[in-house]
Structure formats: structure tokens, C-alpha cells
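There are 2 protein chains.
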Amino acid sequence: MSIKVGIYGYGNLGRGVECAVKLNGDMELVGVFTRRDPLNVKTLFNTPVYSADNVLDFENKIDVLVICGGSATDLPKQTPNLSKYFNCVDSFDTHAKIPEHFDNVDKICKDNGTVTLISAGWDPGMFSLNRLYASSVLANGSLYTFWGKGVSQGHSDAIRRIKGVKDAKQYTIPVESALERVRNGENPELSTREKHLRECFVVLEDGADANAIENEIKTMPNYFADYDTTVHFISQEELDKNHAGIPHGGFVICSGNTGVNGENKHVIEYSLKLDSNPEFTASVIVAYARAVSRLASEKSFGCKTVFDVAPKYLSQLSDEEMRKNLL
Amino acid sequence: MSIKVGIYGYGNLGRGVECAVKLNGDMELVGVFTRRDPLNVKTLFNTPVYSADNVLDFENKIDVLVICGGSATDLPKQTPNLSKYFNCVDSFDTHAKIPEHFDNVDKICKDNGTVTLISAGWDPGMFSLNRLYASSVLANGSLYTFWGKGVSQGHSDAIRRIKGVKDAKQYTIPVESALERVRNGENPELSTREKHLRECFVVLEDGADANAIENEIKTMPNYFADYDTTVHFISQEELDKNHAGIPHGGFVICSGNTGVNGENKHVIEYSLKLDSNPEFTASVIVAYARAVSRLASEKSFGCKTVFDVAPKYLSQLSDEEMRKNLL
Numbered sequence: 000m001s002i003k004v005g006i007y008g009y010g011n012l013g014r015g016v017e018c019a020v021k022l023n024g025d026m027e028l029v030g031v032f033t034r035r036d037p038l039n040v041k042t043l044f045n046t047p048v049y050s051a052d053n054v055l056d057f058e059n060k061i062d063v064l065v066i067c068g069g070s071a072t073d074l075p076k077q078t079p080n081l082s083k084y085f086n087c088v089d090s091f092d093t094h095a096k097i098p099e100h101f102d103n104v105d106k107i108c109k110d111n112g113t114v115t116l117i118s119a120g121w122d123p124g125m126f127s128l129n130r131l132y133a134s135s136v137l138a139n140g141s142l143y144t145f146w147g148k149g150v151s152q153g154h155s156d157a158i159r160r161i162k163g164v165k166d167a168k169q170y171t172i173p174v175e176s177a178l179e180r181v182r183n184g185e186n187p188e189l190s191t192r193e194k195h196l197r198e199c200f201v202v203l204e205d206g207a208d209a210n211a212i213e214n215e216i217k218t219m220p221n222y223f224a225d226y227d228t229t230v231h232f233i234s235q236e237e238l239d240k241n242h243a244g245i246p247h248g249g250f251v252i253c254s255g256n257t258g259v260n261g262e263n264k265h266v267i268e269y270s271l272k273l274d275s276n277p278e279f280t281a282s283v284i285v286a287y288a289r290a291v292s293r294l295a296s297e298k299s300f301g302c303k304t305v306f307d308v309a310p311k312y313l314s315q316l317s318d319e320e321m322r323k324n325l326l
Numbered sequence: 000m001s002i003k004v005g006i007y008g009y010g011n012l013g014r015g016v017e018c019a020v021k022l023n024g025d026m027e028l029v030g031v032f033t034r035r036d037p038l039n040v041k042t043l044f045n046t047p048v049y050s051a052d053n054v055l056d057f058e059n060k061i062d063v064l065v066i067c068g069g070s071a072t073d074l075p076k077q078t079p080n081l082s083k084y085f086n087c088v089d090s091f092d093t094h095a096k097i098p099e100h101f102d103n104v105d106k107i108c109k110d111n112g113t114v115t116l117i118s119a120g121w122d123p124g125m126f127s128l129n130r131l132y133a134s135s136v137l138a139n140g141s142l143y144t145f146w147g148k149g150v151s152q153g154h155s156d157a158i159r160r161i162k163g164v165k166d167a168k169q170y171t172i173p174v175e176s177a178l179e180r181v182r183n184g185e186n187p188e189l190s191t192r193e194k195h196l197r198e199c200f201v202v203l204e205d206g207a208d209a210n211a212i213e214n215e216i217k218t219m220p221n222y223f224a225d226y227d228t229t230v231h232f233i234s235q236e237e238l239d240k241n242h243a244g245i246p247h248g249g250f251v252i253c254s255g256n257t258g259v260n261g262e263n264k265h266v267i268e269y270s271l272k273l274d275s276n277p278e279f280t281a282s283v284i285v286a287y288a289r290a291v292s293r294l295a296s297e298k299s300f301g302c303k304t305v306f307d308v309a310p311k312y313l314s315q316l317s318d319e320e321m322r323k324n325l326l
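Residue numbers (numbering that gives the first Met the number 0), protein chains in the order written: chain A, 0 to 326; chain B, 0 to 326.
In case anyone wonders, no lab produced these hints; they're calculated from the structure. Just so you know, these numbers come straight off a predicted model, no measurement behind them. Among the hints, erroneous ones may be present.
Claimed, not checked - Incomplete in silico selection of chain A near chain B, CB under 7 Å:
(1) K96
(2) L189
(3) M219
(4) P220
(5) K311
(6) L325
All residues carry an ideal CB built from backbone N, CA and C; glycine is no exception.
Looking at chain A on its own, in the form it has when it is part of the complex:
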């Protein structure tokens, strides 16, 4: 019996989920649910499109609903609401608000007999797992997370909001020398500026003042002021040709010592190099959708995170196959 998956919200992430489900033979797509007019939404694999207003008609036809809304305003409402009726997965990534989101969703799930896993993806998600495993194994270890090289949607948007900017793309880049110090187990204390660079590719409106805009970017509080930022002005053609992708990635590194006097050093490193941030995020979500369907059939109701899910629940393999082939 294949796992019946619904996609709620159809942007980059929703399309990524549609692609990822196609790669998993034990799953099938029931439909895409959109707030737009369904007639105007064309899916990648001819998955049927329905209005989000009609999602409750599918209460008994969907095993897991993947909610592909944004973390700022969509998910804090959508995930609790939909968890009344469906087992869900979301990719809520506002780290500071995860505890609140968890509590909201947990209550709904327990009241309604559903399972919802929040914050699936790579950070939060696979990076979180690696932070937990590494710091549990190296009890005195120092943990570092670096992001990039990759496109930050939020920072690109911030530049695009500047008057005189026609289009822009921002790359977050880990500082190679900082990475090397961490890999060497030096346990450095690193400031924000020492960890990441920001590189911006900006298309100006006709007649815009390049110097003023460069200054406005570099001094923008929270987004750029605490970083070494470089700004390149390029044409729209160049931006479209060379910066159309949404790659990302990064590193979780933990170093710690063991021995009678801490004489032996150990470095654990996990890294991702992703051509498409949303498609990889979607791939993680889909693996956790499998876990959610299994947890629901075990009646393990409530809100879950990646920390709560035994790894075996993610795999299509049987326990025996896993032990034989992967252990």
C-alpha cells in the first residue's frame, strides 16, 4: 500500500516535493492544493490541482499532507489548522520560534489523533541532527555551523527592496580560513564577520546611483552591516545567465577531545553541496513524510521533530535489509 501524499502550497518547495515523491516508489501523489485559481496552476508531472479551500474533502484520502508555505506568516497558521485533520510535515525554519510552533502543533495533534513533523529540511533538519549526534558523542565538543556557498533568498529580497535596484542575488560564503581553523580542532571563537562573507550581484534601474546603493547595502543593519560584503553591478542578462540557480549548502563541524588528559582530538564534519536548495529540502521532507505515515499507524500522536524519529522510519528498506546492507 503506497503512502498517499498531498502538497499544500505550490511554489519552489511544492514543485520539489512533487519531484521527490516521483523518486520514491512507495509513495503516490494525491494532489496539489493551491490558494491560486487551480485552473492557472500547471504541475510538473500532471498531478491534479485543487483549491486549498477544498482540502478537507480529502481528509480520508491523504496519509500525509506536506505543507509548503512560508515560515513568516503561512506555517504558524497552516500547520496547526491542517494538523486537526491531517498528518503533516512542514519545513518551519524560524529557529527562534520553533519552541512556540512545536507547542501549538503538539496540542492540536494530541487532541485530534494526528502526527505532524515540523522543521524538516537541512537547517533545521539534517544539520540539526548532526549537531545533536556530534555533541552527544563528543560531550565536551565545540559545535560550528557554516552556511554556503549559497543563495540567501532573504538577503536577495532585502537588496531588491532598495530604491533603484531592479534585481539582485546574494550569496552567503563561509570564510575558508575560519573553516580550516575549525577543521584543525583549534576551537576558535569566531565573530559573525569572521565566519561568513556576503557577495551581491545587483542589476540597477536606469539612472540609479551605484555608489549610494552599494553603501546602502553594505550598511544595512542585521542583513549586511556585520559582514564583509562585496557588491557587483551587472546586467539583467548576466544575472539571468549566471545566477539563475538556487544552490546552497554548508558545514556542521564538531571537534572535541578524549583521553585521560584530553590528549586525543577528534573532528566530525558533515557537509552539503546542493544544486537546488528547495529540491533538497523537499527530498528531506519526503523521507520524513514516510516516517510520519508510520508513526501515525503506530498511533504515536503529537508533534515531532527530526530528533524524535528513529532513523529506520525514513527508509524504504525493511529492518533486516537495513541491518544487512547499511549497518
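With chain A's structure known, arrange chain B on it following the hints.
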């Protein structure tokens, strides 16, 4: 209430467990159990030493017994026997015999109401976890495991058994160009020879025939014949000075594609760089000892592997702290 840990077997791994428990504030050591005369065993931190014959006197005084025997002959007997009375962790690492070992231990644990986790360490262990997570997320991914640079005890022993060899140390080294091809997502098919090199440092007995021994090493079936092997003859002083450590490590890399036509490539890489193979293995074991004590208090009896254990069971942090600080 701290977790009471016993150590059964006191070689390099047992000493590593003793060190690791000291780093974990929620654990305490009850004792070391040895097959040698306890009077002749001196522990690193004055942990009491008892005869292995008396371990059953501690049936109600130990929450988790860490079994530090060898995989070839000790663990296949010790782990089932001791699982009748104790919750246990072992580091059974004969990959081909894991299914059989699991079945033996599982029956004993279920009959006796105990929890035993087998095959903790880094491979099997952390590497297995990464193989499972990566291949679950990238459903069409290609998985690669490389070991080293590090000392292989088995290969060092094989050289030492050659007539005319006084002492020896063997390093397993991943082939850098193969690693690079895998990291680039080329999904190469790699032969044994293309993945790893073997480098041997050998001390000869007086009058031994160096050429004959070099040839015997390089042509030894299973151990060296399928690899590019280099042999260095050095003095005992040099071996003791430069090759006394037991470092190890390695890489698990998975690359796969997503998108409508597989147009986007993703590479997941997990690596370890370990100054002390047994001390890191011990650190993993101790984190899983915590998990075992929790699973036992939940009466989740049976044999477990790292695949069966939700990550949160490994951490000293509460669920709330984990979600706040690590997710």
C-alpha cells in the same frame, strides 16, 4: 539519578569507555570486569576492578554494561550471555555476521526483559547512520564509504605474523582522486584498488630477507593483493616514535540528483578525523549507553541498533533544550 555503567573487558576500548564516562556528568562507573586477575589491573581513574566471574553479583547495581570484547570470538558469546542479566552495549563490527548476532541477542533480550544495542561505534555506527539518512533522502543516490587515513589493526597483525617481521603498522589511505570524483558527483564505479592504498611500516628481525617479506606482504590474499601497497622498512625506535598512535577516520559520501529530469546534483558528505580510534568508538558507545538506559526504563525490550534509536535518546539535554538550542 545518574546512569550506572559497568565495563566488561579492559583493553584499549574499555579504557576509552572509562575516559568517556568521565566526560558525561549524568553517568557513573560502577566497575571494570576483567578475565585477568583483578589485582593486576590498574584503571585510569581508579575505577574498581572485579573479576568477570563475579559480574552477576552486580545484576541490580548496573544500569548498562558496556561489553568491550573482540568481535571475532568474544562478543558472539558474551553479548547474548550477559544480555540475560544486563542491558548492554557492544561494538560488534563483523558486518557480515550482524544479522545473526542481532537475532541471537534479540531473542535473549525479549525473553529476559533487557535492552541491548549492538554494533555501536563509527563503522558500524555513525557511518551506518549516515548511509541510512543519506540514502533515504536521496532516493536515487550513490553511496560511497572510504576509510582512513588510519591504522588497521587486522592488517598490522597480518604483517606481524610473517616470519622475520618483528613489528609492523599498516595504514589504510583513501585514494584522493577517487574521493574527488565521488565529491564531484561523478558516481564512478570504483574497484577495491581504486578506492584505498595500503602503506606498511615494518621492523625486521635481524637477518630477515626484506625483499622476500615485501613480496609476501604485497601478494597476501584478501589483505593486500587487491591493493596498491607500499612497504617501508624502519627501525623499532622509528616505529615507536612515529607510529605509536591509533588514528583513524574516513568518509561517507552520497550523491544523487533531483528535478524533473535529474538536472540538479546534491552531495552529502560525512567525515571523521580521529586521533584515537578506540576512544572515539568508546564515546559513541557511551552516548548509546544513555539511550539504552532510557529505552530500558520505557520497557522497549529487545536488541537495537543505531537505526532503531531516536536521536534525542543520545543527548543529556531535555527535549525542550534540544529544540531550542540544536534544531
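Hints, verified against the model:
1. K96: violated, 11 Å
2. L189: violated, 18 Å
3. M219: violated, 28 Å
4. P220: violated, 25 Å
5. K311: holds, 4 Å
6. L325: holds, 5 Å
Comparing the model with each numbered hint stated earlier shows that hints 1, 2, 3, 4 do not hold.
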